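Student: Here's the letter readout for the chains.
Number of protein chains: 2
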Amino acid sequence: MDEFASIRHWTANRQPASWQHARGVALGIGDDAAALDFGNAEDGITGDKRLLLAMDTMVESVHFSERTMRDEDIGFKALAANVSDIAAMGGVPLHAVVSVSVPRAYGAERMKRVYDGLYSCAERYGIAVVGGDTTSSPAHMVISVALTGAVEAGLELRRSGAKAGDAVFVTGPVGMSAAGLHLLQHAGASRWAEGSQRLDDNSYGVLCAAHQRPAPSVLAGRLLLKSGFCHSLNDVSDGLSSEAWELAEASGLRLVLEERLLPKSGSLSTYAASVGVNPLEWMLYGGEDYVLVGTVLRESADSVKAEFHRHGLPFYVIGRTEEGPPDVELIPLSSRMDGAGAKAPRGHRVKVEKKGYNHFGT
Amino acid sequence: MDEFASIRHWTANRQPASWQHARGVALGIGDDAAALDFGNAEDGITGDKRLLLAMDTMVESVHFSERTMRDEDIGFKALAANVSDIAAMGGVPLHAVVSVSVPRAYGAERMKRVYDGLYSCAERYGIAVVGGDTTSSPAHMVISVALTGAVEAGLELRRSGAKAGDAVFVTGPVGMSAAGLHLLQHAGASRWAEGSQRLDDNSYGVLCAAHQRPAPSVLAGRLLLKSGFCHSLNDVSDGLSSEAWELAEASGLRLVLEERLLPKSGSLSTYAASVGVNPLEWMLYGGEDYVLVGTVLRESADSVKAEFHRHGLPFYVIGRTEEGPPDVELIPLSSRMDGAGAKAPRGHRVKVEKKGYNHFGT
Numbered sequence: 001m002d003e004f005a006s007i008r009h010w011t012a013n014r015q016p017a018s019w020q021h022a023r024g025v026a027l028g029i030g031d032d033a034a035a036l037d038f039g040n041a042e043d044g045i046t047g048d049k050r051l052l053l054a055m056d057t058m059v060e061s062v063h064f065s066e067r068t069m070r071d072e073d074i075g076f077k078a079l080a081a082n083v084s085d086i087a088a089m090g091g092v093p094l095h096a097v098v099s100v101s102v103p104r105a106y107g108a109e110r111m112k113r114v115y116d117g118l119y120s121c122a123e124r125y126g127i128a129v130v131g132g133d134t135t136s137s138p139a140h141m142v143i144s145v146a147l148t149g150a151v152e153a154g155l156e157l158r159r160s161g162a163k164a165g166d167a168v169f170v171t172g173p174v175g176m177s178a179a180g181l182h183l184l185q186h187a188g189a190s191r192w193a194e195g196s197q198r199l200d201d202n203s204y205g206v207l208c209a210a211h212q213r214p215a216p217s218v219l220a221g222r223l224l225l226k227s228g229f230c231h232s233l234n235d236v237s238d239g240l241s242s243e244a245w246e247l248a249e250a251s252g253l254r255l256v257l258e259e260r261l262l263p264k265s266g267s268l269s270t271y272a273a274s275v276g277v278n279p280l281e282w283m284l285y286g287g288e289d290y291v292l293v294g295t296v297l298r299e300s301a302d303s304v305k306a307e308f309h310r311h312g313l314p315f316y317v318i319g320r321t322e323e324g325p326p327d328v329e330l331i332p333l334s335s336r337m338d339g340a341g342a343k344a345p346r347g348h349r350v351k352v353e354k355k356g357y358n359h360f361g362t
Numbered sequence: 001m002d003e004f005a006s007i008r009h010w011t012a013n014r015q016p017a018s019w020q021h022a023r024g025v026a027l028g029i030g031d032d033a034a035a036l037d038f039g040n041a042e043d044g045i046t047g048d049k050r051l052l053l054a055m056d057t058m059v060e061s062v063h064f065s066e067r068t069m070r071d072e073d074i075g076f077k078a079l080a081a082n083v084s085d086i087a088a089m090g091g092v093p094l095h096a097v098v099s100v101s102v103p104r105a106y107g108a109e110r111m112k113r114v115y116d117g118l119y120s121c122a123e124r125y126g127i128a129v130v131g132g133d134t135t136s137s138p139a140h141m142v143i144s145v146a147l148t149g150a151v152e153a154g155l156e157l158r159r160s161g162a163k164a165g166d167a168v169f170v171t172g173p174v175g176m177s178a179a180g181l182h183l184l185q186h187a188g189a190s191r192w193a194e195g196s197q198r199l200d201d202n203s204y205g206v207l208c209a210a211h212q213r214p215a216p217s218v219l220a221g222r223l224l225l226k227s228g229f230c231h232s233l234n235d236v237s238d239g240l241s242s243e244a245w246e247l248a249e250a251s252g253l254r255l256v257l258e259e260r261l262l263p264k265s266g267s268l269s270t271y272a273a274s275v276g277v278n279p280l281e282w283m284l285y286g287g288e289d290y291v292l293v294g295t296v297l298r299e300s301a302d303s304v305k306a307e308f309h310r311h312g313l314p315f316y317v318i319g320r321t322e323e324g325p326p327d328v329e330l331i332p333l334s335s336r337m338d339g340a341g342a343k344a345p346r347g348h349r350v351k352v353e354k355k356g357y358n359h360f361g362t
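Residue numbers (full-length UniProt numbering), protein chains in the order written: chain C, 1 to 362; chain W, 1 to 362.
Everything labelled a hint here was simulated from the structure, so no lab data went into it. Do not take every clue at face value.
Identical copies look the same in the list; a pair holds intra-copy or inter-copy alike.
As the list claims (entries may be wrong) - Below, a list of computed lysine-lysine pairs in the DSBU-like style, where the Cα atoms sit at most 35 Å apart:
1. K112 x K305
2. K112 x K226
3. K112 x K354
4. K163 x K264
None of these values were measured; they are calculated from a predicted model.
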């Protein structure tokens, strides 16, 4: 099969023309470029709207391996990472183009599964896949996705809008994906192959799913935008620390997080204890959780939280912002000992390192 | 340098904010996604406009190597290939996002040069670079670019609109890039290193430039769209044969090309003769020329050609379309001998193979 025949094979009849039409697609896969009636797409945006454009790439052996991700997961997550970017602007995702470069030896079946996962994600988020290309690769798979979205003009949620005195929040637990990756790298593949119960165990399955099938919440971003109280927003792709630092630097202030307020899942704690890892390490420096982190007007945090709960979504206030040069600090659990074994004084702060997520320690 | 610092370093101050603003950029590089006032971009489109979206990827050792492309060329060509896709819809390019995955050993200097070339292309075509990412790669460089554009709603030039009796045209010589690649692979690098005159020779320099710095013409696409006579359009990325077959299949008719009408540059002929290659092989099956191929209402071909010439652009009628199942045929030069050494009869046709461009024979 030549390239076009392959792409047609993998993409034909995946999304009905009428459904694509509702997303503004005048011309989809199969020409030089897609043609999109952006102004008329049914995206729920009223009034003037802006076009959002994001792009994200996943590289085999850097972001995934056969041990950590099934082919379907690769396609799903490549698109989901972009959905997270659009959600972090408060927008609605619309149109995706996809480029895969892949060693010939991987064969058509594996490519089909990558596309299966991609379309599964597209269906979940109502995204029209409108183009892309495939090329061969000498050694490893690389998948790039570019995604458009729409947002009310002027209301997009930037990193730079935080104000001193804001409440800092996250919209879900952090560190789950890093724990899942650790599990998959250290125990996952062999246990899986042996059919052990361990991975079927619900708590561990949740960790693997967090890594393999992240579920960014477009609704969370929309609720934040519509609340009118959200001053800054980011998605947790490179770890809470890294994203908090971005907010601090873009907005020019200090973020103070409280360890006791950080949402920590039971499965994360259990697994971390079983392998002797400090869960805080994953929670601060693990990436790819694709929850949202941002700041809201402090007085409105409760009402935003209530609105999230009405929609069945979690919302955790984890700290606050302060005047000052860009910085991120953490107030540890008061029971935690300091380096010398003494109990840290109440309200004691430690600096949060500005380090990002390193997938495979490279 | 972390990823963000690097991207900022390579992209900072490349394009003034006021200039980006004129292209509709409300928020460029540095947040989760770019925010674009698509409706208000100064793109020369009047009335309802559609968003165009294209994506293209280049892979080291598949599309380029150190022998064939300088780092600046890689960045330039990755964007130019997408410009060609937008031009082939009759549109105007607007906003680019760029993703590069690169081995760490390549270092920051090489990345800077890739971006130098990319921005050089962006400047030439008035494209705002609004985002993207860099990731590490275990073995080879992969560069993906997604590009938006704008076009008058409903007037975009598709592959599927050719009508029987149309004139088939190309907007420039074909086979130049393939000849340049051959030269670079077989003689280029060593000659270059030796400082020989050979590559400084104008005719050979033209061939190398055709491969390394393709110059798609947005104006050509705009003239075709505005003429109202262009029924179908494609860009020559995978070779004239492959693109002609796409037009034939998308439009459901036969294309008949005449060898005597194909534009053949003198440098192509000279170089082909010097290395014993039939230039027709490069002209039909060589790719990456990024000229446009399409069909116009036959009676209007002369007026379109005159309009092209008024703008200093070439325009060559190379054949016609006929009723029939999708097919591409060539009428060889009447002086050409057939396989048995006999002179082919006048008007004799040969089938043009539906084969695409293979960069490195893989």
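Student: Which numbered hints does this structure break?
Tutor: Violated hints: 1, 2; rest satisfied.
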